[in-house]
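Enquirer: As they're listed, the protein sequences go chains F and U. For the record, in the first sequence the residue sitting at position 62 is 563 according to our numbering, with numbers rising by one throughout. For the record, in the second sequence the residue sitting at position 62 is 652 according to our numbering, with numbers rising by one throughout.
Simulated from the structure, these hints should not be mistaken for lab results. Keep in mind it's a predicted model, so treat the numbers as computed, not measured. Incorrect hints may appear among the rest.
Label-pair restraints from in silico Cβ distances [unchecked claim]:
#1 U:Thr-651 x F:Ala-828: 50 to 60 Å
#2 U:Asp-628 x F:Gly-967: 17 to 27 Å
#3 F:Asp-581 x U:Gly-658: 50 to 60 Å
#4 F:Asp-521 x U:Glu-624: 18 to 28 Å
#5 F:Pro-625 x U:Thr-651: 39 to 49 Å
#6 U:Asp-670 x F:Asp-581: 52 to 62 Å
#7 U:Asp-660 x F:Pro-577: 48 to 58 Å
#8 U:Thr-651 x F:Asp-581: 50 to 60 Å
#9 F:Pro-533 x U:Glu-661: 46 to 56 Å
#10 F:Thr-596 x U:Tyr-619: 37 to 47 Å
#11 U:Asp-594 x F:Ala-613: 26 to 36 Å
#12 U:Glu-624 x F:Val-546: 46 to 56 Å
Beta carbons: idealized from backbone N, C-alpha and C, even for Gly.
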Amino acid sequence: MKVLLVADFTVQGLGPFLADHESPPLQATFAPFNQVVPVLLDGTVPCWSSKPDVAVVWTKPDSVVKSFARVLSHEPVAIDDLLREVDEFAECLRTASTRVSALFVPTWTWPAYDRGLGLLNLKPGVGPAYALMRMNARLAEAVDQSPAIHLLDAGRWVAQAGKTATSPKLWHLGKIAFGPEVFRQAAADIKAGLRAIGGQARKLVVLDLDDTLWGGIVGDVGWEGLNLGGHSPLGESFVAFQRALKRLTHRGIVLAVVSKNTEAIALEAIDRHPEMVLRRNDFVAWRINWQDKAQNIASLVSELNLGLESVVFIDDNPAERARVRDALPKVLVPEWPQDKLLYEQALSELACFDTATVSAEDRARTRSYVSEREREAVKQSAQSVEEYLALLGLTVEVEPLNKSNLPRAVQLLNKTNQLNLSTRRLSEAQYHEWAASKANRVLVFRVRDRFDDYGLTGLASLSVDGTEARVQDFVLSCRVMGRGVERTMLHAIVEQARELGAARVVATYSPTPRNGPVKTFFDEGSDFASDGEGPRYIWDVSRLYGAPPHVNVRGVPAGQQ
Amino acid sequence: MNEDEIRKAVLESVKTVAPDAGPVGNDTYLTGSEAVLDSVGFVTLLVDLEGRLGNGVDLSTSFMEYDGADEASSPFRTVDSLAAHIQRLASTH
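Take the sequences, apply the hints, and build the full model.
Expert: Next comes the structure, spelled out in C-alpha cells:
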C-alpha cells in the first residue's frame, strides 16, 4: 500500500516506521517540501502520479493558518479570521481526498517548551493555546462530513513522547518538526486507522479469570475471598480494569471467558461478588474447564461464528499466553504487565479495537449474543425446525442505501467474511460513489425477532446491464445466518431487478478462504440455477421468488411480497 | 559513561531512529553510501543521542564544525567511530 506524505516540514523520519512489520506495511513517498496547498489542490503535481492509496497531510499551524502566526506574535486576531483560514484549508483537504481512499490529517500541535503567554495562554482573543484548540475543533467539524478524511490526535503522540517530542535543534538542523517517538506513535495510529477502515478491528476479547479479572484463585478462596473492589489499590485496579472492558462493549467489542476453573464456582463469583462490574450477561460465551486454553478459544470462536483474527486473549500467566500464541498465531496475545495496577493502562494502549464508526448495532452486540443463547434454548425445546423458525417471529425490513445507513452498510461490507459473495472492500466514499451510479442499486436489511433487534445486518447490491442484473454484493452478518434472511434478501433482489426491467438475476461467487458459507447457501438453499462458471447462480425474473413464509417482510421495493 | 555504555546508547538510538535498518552492529555505517541512515535520519540520531547522553555532549555542533574532508576517517562514519568520538568529546568537556 502506497502512502503519500504531504508536509511543510521534513517528514522523512516517518517513512521507516510506516514500513515496519506491523500490518499493513506501507511504502512512503514524499510530496515536495513545504508545497502543501499546491499539492492538495492540483492532482497533476508529479507526486500524485504514483497513485497513492493513502495520503497523510501534516502541517504546522503557523504555516497553514497565517492568522495563527500573528497570534504567536501577540497581535490581536479576530477568531473569525482564524477559523475562516481553517475552513479554507479544510476545502483543500476535501479536494485532495477524492484522489485517495483515506486521507489522514494529524491535528495541529505546538512545542510544549513554549510557555506562550503563560497565564493568558488560554485567553480568548490573545492566547495561542486557546486559538490552537479552536482551530483543531473547527478542522474536525469542517471535515466531519467528508468520509475519506480522518483526523488523528497528534497531541497524544506529543504527550507520549514527552521532552523528546520536539527539539529546536532538530528544527534548525533539518527542519524536522518532531522526534522519532512522535513519528513512531504517528505510524502506529495511521496503521490502526487503516485497519479500522478496512474492517480489521478485533471484535472479541477472551479473558482469563484468576489474577486477570479479579485478584486471587477463586477455587481456593471462594468468591468471598477474592481481591476485588473495596479500598485496596489492588482491588480497585481490578474494578478499573473491568470498567475498561465494559467500555469496550459499548463500542461493539464482545467479551468471553476462557479459564481453568470449576465452572460452577467461577460463575458463582461472577454472579454473586458485589464488586463485579462484569456479570454473566456481559460475556457472550465461556469455556470454564480444565482443558487446553487454545482448544477452548478455537471452540468458542467457532461457536460465535467469528475468525481467530478477531480475537484478543488476555491472561496474566505467561505460559498460557505463549501456548495460545504458538497454537493460534492469528489470535492477538498482548504481553501483559506483571504489575496488576497497570492492567487498565495495558488495555487502553491496545490499538487493535479502532473502528471507523460505531453504530447502534455495535453498541447492542453483546445483547445480541446473549439473546442468541436464549434463542438456542427455544430451539432445543421446539419440535421441528419449522416450529422454531415460526417461534422466532422474524421481521426483515428492506430499505435503499441512504446517508444515514451508509456508515453501517460499509462497515458490514468490510467486516463480513463468511456470507459475502464478492468480499470487496471499499471506503464509505468509494461505496457512496459506486451506489450513486444509475445502473447500481443497494438495498440494506434490518432484522429483528422476538428476542432481539439485530439492526442492519444484511446488504445486497445490483448492477444492471441491459436485461441482466448482476448481484455485486450479497452480505449477511453471521449473527442472523440460517433463519431465512438469505432467501428474503434474494426475494428483494429479484423484485428490485424486475422493477429495473432486468430479465434475469446473476450472482457470481468469488471464492476466498472464508466465504464458503455463501457458496453453500447458493448451492443448497437458494434454488438459483448454477451454470458452473465462477460458479454463477441465475434466476429468471419472470418467475416469482418468494420470501420464506415465517418471515414478515417490509419495504420490498416493488412487486409482491 | 564508558565507551561500552556509549556504544550501547548509539546502537539503541540507531534502532530508534531507523527501525527498518535491520541488524545493527559496531561496524554499521552511519554516513556515506553504505549508511543505514539518510541525512535526515543522521541528524535525528545526533539529537536523539544528545538526549540519551545528557548535558555536556554537543554532538550536533561537533558535526556542524566537522569539515568532512576525509570520509574514511570521519568520526561519524560507524557506530564504533561515533562512540569513540563521543567519549573524546565527553572527556574534554
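Enquirer: Each hint needs a verdict: does it hold in this structure or not?
Expert: Tested hints:
1. U:Thr-651 x F:Ala-828: 50 to 60 Å: Hint holds: Cβ distance 55 Å, inside 50 to 60 Å.
2. U:Asp-628 x F:Gly-967: 17 to 27 Å: violated, 56 Å
3. F:Asp-581 x U:Gly-658: 50 to 60 Å: holds, 51 Å
4. F:Asp-521 x U:Glu-624: 18 to 28 Å: Between F:Asp-521 and U:Glu-624, where Cβ atoms are some 22 Å apart, the hint holds.
5. F:Pro-625 x U:Thr-651: 39 to 49 Å: holds, 42 Å
6. U:Asp-670 x F:Asp-581: 52 to 62 Å: At roughly 59 Å between Cβ atoms, F:Asp-581 and U:Asp-670 fall inside 52 to 62 Å, so the hint holds.
7. U:Asp-660 x F:Pro-577: 48 to 58 Å: Since the Cβ atoms of U:Asp-660 and F:Pro-577 sit about 56 Å apart, the hinted range of 48 to 58 Å holds.
8. U:Thr-651 x F:Asp-581: 50 to 60 Å: violated, 45 Å
9. F:Pro-533 x U:Glu-661: 46 to 56 Å: Hint violated: Cβ distance 29 Å, outside 46 to 56 Å.
10. F:Thr-596 x U:Tyr-619: 37 to 47 Å: holds, 43 Å
11. U:Asp-594 x F:Ala-613: 26 to 36 Å: Check passed, 34 Å falls within 26 to 36 Å.
12. U:Glu-624 x F:Val-546: 46 to 56 Å: violated, 33 Å
Comparing the model with each numbered hint stated earlier shows that hints 2, 8, 9 and 12 do not hold.
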